[in-house]
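Turn these sequences into a full structure, and let the hints steer you where they fit.
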Amino acid sequence: MIKLNNVTKVYKGTVVAVRDVTVDIAKSEFVFLVGPSGSGKSTFIRLLNREELPEHGTIYVAGKDIGTLGAWRVPFLRRNIGFIFQDFKLLPKKTVAENVAFALEVIGKPRQVVRKQVPAILELVGLAAKMDNFPHELSGGEQQRVSVARAFVNRPPILLADEPTGNLDPQTSVGIMKLLDRINRTGTTVVMATHDRSIVDSMRRRVIELDRGEIVRDQARGVYE
Amino acid sequence: MALSPRYVLRETGQNLWRNVLSSAAAIITIGVSLWLFGGFFLFNYAVDNATARWEGGIEFVVWMQPDATAEQDANIRDSIDTSPAIREWVYVDQTQTYEEFREIFADTPELIEVVSPDVLPPSYRVVPENPDADVVAELSGQFVGRPGVEEVVSADQTIRDIQRLADKVTRVFLVGSVILLTAATLLILTNIVSAIRSRGAEIEIMKVVGATNWFIRVPFMLEGLAQAVLGAMGAWVGLRILDDTVIKGLSEPDSLQLMQGFRVDQGEFYSTSLLVLGIAVVVSGIGSAVAVTRYLDV
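Chains A and B, in that order, give the protein sequences. With the first sequence counted from 1, adding 1 to any position gets you the numbering used here. With the second sequence counted from 1, adding 8 to any position gets you the numbering used here.
Don't take every hint at face value.
As the list claims (entries may be wrong) - Just some of the chain B residues that point at chain A, by a computed CB distance under 10 Å: (1) ARG14; (2) TYR15; (3) LEU17; (4) PRO125; (5) ALA209; (6) GLU212; (7) MET214; (8) LYS215; (9) VAL216; (10) ALA219.
As the list claims (entries may be wrong) - Per label pair, the in silico range of CB-to-CB distance: (11) B:ARG18 / A:LYS179: 55 to 61 Å; (12) B:ALA32 / A:ASP66: 46 to 52 Å; (13) B:LYS176 / A:PRO93: 54 to 60 Å; (14) A:ARG112 / B:LYS176: 55 to 61 Å; (15) A:LYS65 / B:LEU283: 46 to 52 Å.
Calculated from the structure, these hints are not laboratory results. For each residue, glycine too, the CB sits at the ideal point set by N, CA and C.
Have a look at this one:
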């Protein structure tokens, strides 16, 4: 599903964020990216979403070399990749349902599709009763659930999450992880950057550890350290 | 995936409303600049119409009687042609006079219907060697009262003054409109950049979920277009008022005799209106294009 071959990303010509990374992530895998701040986790995720282009190496997502994709095709790549932010990035003047619907509207989905899919995904994330609430009326965990719903409403085969529990307390984080686990069990590949030791240790999924841009550990059913 | 008109209208409307004060400033600036720009053309048309027969250095016109004999006409022509004081001349026959008449009275078809070329006088339009008013008066006086001559009309200093004044006025209109159009373009650009910045979070989400570049850009570009078209509509109303009051007022029967032909016909008015709309689209296009290509990273 995702394949990186000798990928190197350098910022401003000198700062090496990712160095000669080669990794293969299969369909339906759940992968944790761990490592200290500045180790290259976020850059790794941004490379998969083609927010960044590597200086060297090739990246395949769903069988396509995304480095050679024309700029006009990048949006179509991103429709196959859901993205969850640490700080949720919900639109404050839109309700829960509108925030989720926005993700479908801006890719031109017809209204009847929006009307059908939005309640269904809000049901999945446990927020059907709060679809008319505004983000400021929700707890942090609920806001992150909305963010997950928005990322998954288009049923992308890949879900990227950049420290999705970073702003949440441990108990709420468990709830979000259960949700991501549930989504992963539907066949969605999940790649999640995290600093949360307890979550990684409890879930025992594949762990890729980065340090100064290099992969220093790639362990099936791994732990944080 | 096609752009949903409902989505585009909603987003464009929200952008305009979010920056309502600066949008209003842009619309007013565009309106005034386009009004000046259109006014430049209307005044030029009106002055051209008023002084058409005096273009090209023509200082006096010898109007022949419609029923002047060939001999009378030949005498006048010979006098003009052999005079060393005359640099050049043009003979306007009855058919050409009729064409001029049709142009001048294009808005009064009932008048055109009752006039035929044979009742209109042919004329000699004369460019003297020396345009000095006294010389022209003496030269044109030689044709007054001669057989076959209906009337001799001179372009006096007043016409030249009107042309010079009109040149200055229209130049002010043109320069003013160019300056204001530049300001309007910058205002549109600033408004769109402001809208882009205030919607930074939405744009980031749009990019992440896979909205196409044009899907993100079009509402911003339409915002600029809407401002320009609203400004053009205001300018159109202003031009209508300018035509109905100032231009038509100057050509009223009781106004200065020389201003009688100071008028703009419907075709000229509508071509100016179309030009104003075209300029509005160009201005909004430039402002929007710069804003979305330089400040909207998609």
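message: Quick check on the hint: B:ALA209 CB to chain A CB, less than 10 Å?
response: holds, 6 Å
message: Please check whether A:ARG112 and B:LYS176 have a Cβ separation lying inside 55 to 61 Å.
response: holds, 59 Å
query: Does B:LYS215 meet its interface restraint, that is, does its C-beta lie within less than 10 Å of any C-beta in chain A?
result: Interface hint status for B:LYS215: holds (7 Å vs cutoff 10 Å).
message: Against the range 46 to 52 Å, how does the distance between the Cβ atoms of B:ALA32 and A:ASP66 compare: consistent or not?
response: Hint holds: Cβ distance 50 Å, inside 46 to 52 Å.
message: Can you verify the interface hint for B:GLU212: is its Cβ closer than 10 Å to any Cβ in chain A?
response: Since the shortest Cβ distance to chain A is 7 Å, the answer is holds.
query: Does the Cβ distance between B:LYS176 and A:PRO93 fall inside 54 to 60 Å?
result: Since B:LYS176 and A:PRO93 have Cβ atoms about 56 Å apart, the given range 54 to 60 Å holds.
field: B:VAL216 as chain A interface residue, shortest Cβ-Cβ below 10 Å
entry: holds, 5 Å
message: Can you verify the interface hint for B:ALA219: is its Cβ closer than 10 Å to any Cβ in chain A?
response: holds, 4 Å
- request: Would you check whether B:MET214 satisfies its interface hint, that is, whether its CB is within less than 10 Å of any CB in chain A?
  value: With a minimum Cβ separation of about 5 Å from chain A (threshold 10 Å), the hint on B:MET214 holds.
- request: Would you check whether B:PRO125 satisfies its interface hint, that is, whether its CB is within less than 10 Å of any CB in chain A?
  value: At about 63 Å, which exceeds the 10 Å cut-off, the nearest Cβ of chain A leaves the hint on B:PRO125 violated.
message: Just to be careful: measuring from the Cβ of B:TYR15 to every Cβ in chain A, is the smallest value less than 10 Å?
response: holds, 6 Å
message: A range of 55 to 61 Å was offered for this pair. Does it hold for the Cβ distance of B:ARG18 and A:LYS179?
response: Violated - the Cβ-Cβ distance for B:ARG18 and A:LYS179, about 36 Å, lies outside 55 to 61 Å.
Of the hints listed earlier, those the structure fails to meet are numbers 3, 4, 11, in rising order.
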